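Enquirer: All chains should be built: construct the whole structure from the sequences, respecting the hints.
Residue numbers (full-length UniProt numbering), protein chains in the order written: chain A, 1 to 296; chain B, 1 to 296; chain C, 1 to 255; chain D, 1 to 255.
By construction, these hints were calculated from the structure, which means they are not laboratory data.
Please read these numbers as outputs of a predicted model, since none were measured by experiment.
Certain hints may be false.
[What the hints assert, rightly or not] In silico lysine to any residue, SDA-like type, Cα no more than 20 Å apart, as pairs: (1) Lys60/B - Tyr168/D; (2) Lys60/A - Lys94/C; (3) Lys157/B - Leu91/B; (4) Lys60/B - Glu68/D.
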Amino acid sequence: MITLNLKDSVSVGGIDLKNHLILAAGVLGTTGASLNRVLESGAGGVVTKSIGPYPKEGHKGPCVQVLDGAVINAMGLPNPSRDFTEEIAPLKGKPVIASIFGANPEEFAEVASWFMDSAAGFELNVSCPHAEGYGAQIGSDPDLVYECTRAVSKTGKPVWVKLTPNVTSIADCGAAAERAGASALVAINTVRAMRISTDLRKPMLGNGSGGLSGDAIFPIAVKCVWDLYEACDIPIVGCGGVSSADNVIEMMMAGASAVEIGSAVLNGVDIFEKISGELYSGDGVSAEEIVGCAHE
Amino acid sequence: MITLNLKDSVSVGGIDLKNHLILAAGVLGTTGASLNRVLESGAGGVVTKSIGPYPKEGHKGPCVQVLDGAVINAMGLPNPSRDFTEEIAPLKGKPVIASIFGANPEEFAEVASWFMDSAAGFELNVSCPHAEGYGAQIGSDPDLVYECTRAVSKTGKPVWVKLTPNVTSIADCGAAAERAGASALVAINTVRAMRISTDLRKPMLGNGSGGLSGDAIFPIAVKCVWDLYEACDIPIVGCGGVSSADNVIEMMMAGASAVEIGSAVLNGVDIFEKISGELYSGDGVSAEEIVGCAHE
Amino acid sequence: MSDQRSIPVTVTSVFEETPNIRTIEFDRKFIINPGQFCMVWVPGVDEVPMGFSSENSITVQKIGEATEALFSYKEGQRLGIKGPLGNGFSPKGKVLAVAGGVGAAPLRTIALSGRVETFLLGAQKESEIPFRDRLGNCGEVKISTDDGSYGHHGFVTDLLRETDLDEYDTICVCGPEMMMKGVLSVVREKCAEERTQFSLARYMKCGVGICGSCCMDSTGLRVCRDGPVFRGDELLKSPEFGKYSRDASGRKNFF
Amino acid sequence: MSDQRSIPVTVTSVFEETPNIRTIEFDRKFIINPGQFCMVWVPGVDEVPMGFSSENSITVQKIGEATEALFSYKEGQRLGIKGPLGNGFSPKGKVLAVAGGVGAAPLRTIALSGRVETFLLGAQKESEIPFRDRLGNCGEVKISTDDGSYGHHGFVTDLLRETDLDEYDTICVCGPEMMMKGVLSVVREKCAEERTQFSLARYMKCGVGICGSCCMDSTGLRVCRDGPVFRGDELLKSPEFGKYSRDASGRKNFF
Ligand SMILES: Cc1cc2nc3c(=O)[nH]c(=O)nc-3n(C[C@H](O)[C@H](O)[C@H](O)COP(=O)(O)OP(=O)(O)OC[C@H]3O[C@@H](n4cnc5c(N)ncnc54)[C@H](O)[C@@H]3O)c2cc1C
Ligand SMILES: Cc1cc2nc3c(=O)[nH]c(=O)nc-3n(C[C@H](O)[C@H](O)[C@H](O)COP(=O)(O)OP(=O)(O)OC[C@H]3O[C@@H](n4cnc5c(N)ncnc54)[C@H](O)[C@@H]3O)c2cc1C
Ligand SMILES: Cc1cc2nc3c(=O)[nH]c(=O)nc-3n(C[C@H](O)[C@H](O)[C@H](O)COP(=O)(O)O)c2cc1C
Ligand SMILES: Cc1cc2nc3c(=O)[nH]c(=O)nc-3n(C[C@H](O)[C@H](O)[C@H](O)COP(=O)(O)O)c2cc1C
Ligand code: FES
Ligand code: FES
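Expert: As structure tokens, this is what we get:
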């Protein structure tokens, strides 16, 4: 397998990371202590739980099912809102990216303002597939993507925009974010999905439907990264089903400058250490050499 | 597990089937003999390879990769065009559904005209994700879906419209087909996807990207069927990752009146017999009782 | 990524432990370590964490929406059970169990296996004592009630204080957090915190270790997967234990 | 649904069998039954079916785009190999191999295992004979050339006609379809069609049995998965064998 050479720091879309592996939003990201634990166990950066303008309890359970090697979830964006500032305040200076959401540009700007000091940058969640009025309801409309991105990119902090695959053209959404000043694109959030218990005759998630993540969506994510790489010039952060060093290399060849890892933490929080162990070596190639190389 | 009571014939969207299990388009559907073999091995109906206005050789290989329990393919709609009439002529009277495609309503109408006699009905492929100018390029635009459906529904034969999940709203596309006179909706065609060989640094399909099918997409298909059931009144045929009797029941509870099975033939052509063996029993419930029951 | 899906079960019997606590038995036995729990899916309502009170039962105290719905369950009705989850207790040698109220449920699974030497059980009043005569063959069961209507008049920590902890190799504890905080200070006084295991409760949305809603300060350990059982000496280091927990939104609530 | 993905291999040597046929060896051994094949991915070009000519080689005749690209392969270059695919031969007892040109490739794997008693090999002319002295230890190798430049002047079917088939338990055949058609009529005359196994070639897009491009009339059997090896008595019933095959689009081409 190809290995990478890990330099002192990895800079992606304006944010300095310790390596190319980032904890994905909403996974073990509810508390500062948890984010810190993941950083200590080898993540190069962490994205927080998505934080919105008002506290939210999220959907009724079941919120998560792990079945047939895939995860479906419908958390419903539970978050403590502004209280979260105190969670990550102690992590100041570390590669912590605040995932934020809102129903409109004003809300995005407001939530962003709370984390100007504590976060290394923002990731805009315009892609959660199961939250009325938020997430993908914004992310499916390139104009809204543009406006919400603009509202946050004005702050001058790095803004990553996390996109949904549940659209006719992810490239159009990515291009809108780029025009609005995004410093990187993150692809992808979960894929709209549902399972039904044939015994109980009811959807297996409290919310009915949810988002698919894990191994099953890796080929979908690779394709989205590929399309964005063709359409946009800002860095892309690959996300979706990454669970091995080879997956990381594959995402990079499709065009990703770094990757986020979510569902694979089910295999153990030490997944970051494990992957780094295989991914990096003294005589590895530089990431630049392979990012997008499959397009040639 | 719930079992179904199999009546003498199952009528879905104007087509009489021998049971609820139908061979999906493009899988073992290139020749009349192959379709006949699948019927003999227990399928309740078969959909042909998609046939277009001109013969097509399809994409360069690799056309199919089976990996991590999923299939990705980019066949590129190879088909013998009008010559195919002689393939299925001997099957006249059997539940053979002609899958057809074209670049515009006129081409759809023309191809349909060739099979007026031999096929039990049509399935419109407005959903193949890897064929320039055809398939999903039409199926992503509700107006084009409307026009192409209209052109074929005029023939008076049953018209099933097969939809793509690679759109912002599959319900909008389904509603357009329904307005245009479709007698059933088929959901879903493959999900846009790609894999890259990290050793060869090239996409694993000759066409670059392709469509994902098999187990991995089952939760995505269930959600699409669910959404169409909420939005439309014509029957829905579930397709995508079905490989067991329990999957069939689950699709039905989401709203499907029958299912199509494609990738699971990799487990053996006798998959239809195997699933029927578990799905049907003398004291089973009638399908009507469970179709859509999870919506209650 | 091994499956963690809801398994459908059918209720086979309901036993009224107290006016507010019922044991629901179902038709499927799970292979559990004592102290492991499950996420109980009450269709149409919610999914909530519950300790296994035996390999095929849970014991539910009526608190809010989901537990009230569970409370009304009758024989033949169906639930989804995701589990067993978490680490569970590691009882070794002679075991002392210390329970508060419905916290007796997970401890009962050790007692059922005949490994509990002494079971200390505290309840508010006589009618609120769960599992009476149904705790398996413990060497001895001692009960306290807050109002003195049965057994010792006072708290279960009083019973604990009277106990010679040197006689026990493992002390397993489950109950309301303030009660467990009391237990922790008693075992600490007696230098037994390293062999005392506490089963914690935190708000759990996933139960499988992915969402992060149950993480403890300041280790970030997940109660659902790294726990729910933690050793006393670990808890002594926690700024959170006995002080606050987080609600569904992730905001802190102080006890 | 077990994986059928392209495995990357590196070419370790190229052997020029004839001006138009080369054997490409790679660094990975596959566990094959003789007669199984693989889909060879020539990156940037195409993927085409090729019989294994040993556990770590294919033998390629230059025909068109993909085979020309393969022909230029050098040591160190990389390919994707999906396989082994198909059923392969079932050689039992004494084996007679009958090959036409590059059709010798899959038969060679039986010979390499020392199980071929007699190998009949037909080529157009001396320079077109593949695997000379590289067929493993067969009891006997008999060669025919169309132009008489080596061995018997004439067709391999002539050699077959002269052979006492009763001496063999299994007859394994691979070559151009018209040659195999000739072989089928000879073995039929000698009532040996049931123990004669033919390796067929049809246009293959997937190689794994899902696309349907390789199906035979009128059974619908897939050459890639139910074949490529079929018994003579089965082929006698086929309206397709020796008459036509289908091209990439599925249209029939008559031989
Ligand atoms: C590991 C573990 C094991 C448990 N075992 C038992 C048991 O054996 N028997 C028993 O009666 N109770 C047990 N509980 C507590 C039980 O989960 C709550 O009583 C139940 O969730 C209340 O739900 P509700 O809808 O009835 O109440 P609500 O009205 O929703 O809430 C009331 C209170 O219950 C708690 N709660 C609600 N939802 C959750 C949740 N998803 N996760 C954690 N706490 C929640 C909160 O403190 C909340 O304030 C356990 C909790 C945990 C974490
Ligand atoms: C099971 C099997 C085993 C084979 N084993 C060998 C072998 O060991 N050595 C060898 O030299 N050849 C073998 N062939 C034939 C080989 O696959 C073709 O020669 C090759 O595909 C030609 O590709 P091309 O791009 O060079 O030619 P093209 O110019 O694309 O086509 C030339 C002709 O080759 C055949 N062909 C092209 N593509 C395919 C395809 N995907 N599947 C089947 N036939 C095709 C067609 O008859 C076509 O008309 C085998 C074929 C099959 C089906
Ligand atoms: C339990 C869970 C919660 C999630 N919460 C969020 C969230 O709050 N915000 C967000 O942008 N994405 C959220 N996601 C999506 C992930 O960040 C990620 O995009 C997705 O899971 C795909 O990556 P994976 O396959 O590595 O998990 C969540 C995913 C899961 C499984
Ligand atoms: C090899 C292959 C070829 C296909 N060809 C077609 C086609 O020609 N027309 C079409 O509408 N769908 C085609 N499909 C899509 C299937 O009909 C089906 O929608 C999809 O594979 C999902 O179902 P499955 O998971 O059961 O395979 C093809 C799928 C595969 C795997
Ligand atoms: S409840 Fe989700 S991590 Fe513990
Ligand atoms: S080549 Fe696809 S079925 Fe044989």
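Enquirer: Lys60/A and Lys94/C were given as a pair; does the straight-line alpha-carbon distance stay at or below 20 Å?
Expert: Violated, at roughly 41 Å.
Enquirer: For Lys60/B and Glu68/D, compute the direct alpha-carbon distance and say whether it is at most 20 Å.
Expert: holds, 15 Å
Enquirer: Checking one constraint from the list: CA of Lys157/B to CA of Leu91/B, max 20 Å. Satisfied?
Expert: holds, 17 Å
Enquirer: Is the Cα-Cα distance between Lys60/B and Tyr168/D 20 Å or less?
Expert: violated, 42 Å
Comparing the model with each numbered hint stated earlier shows that hints 1 and 2 do not hold.
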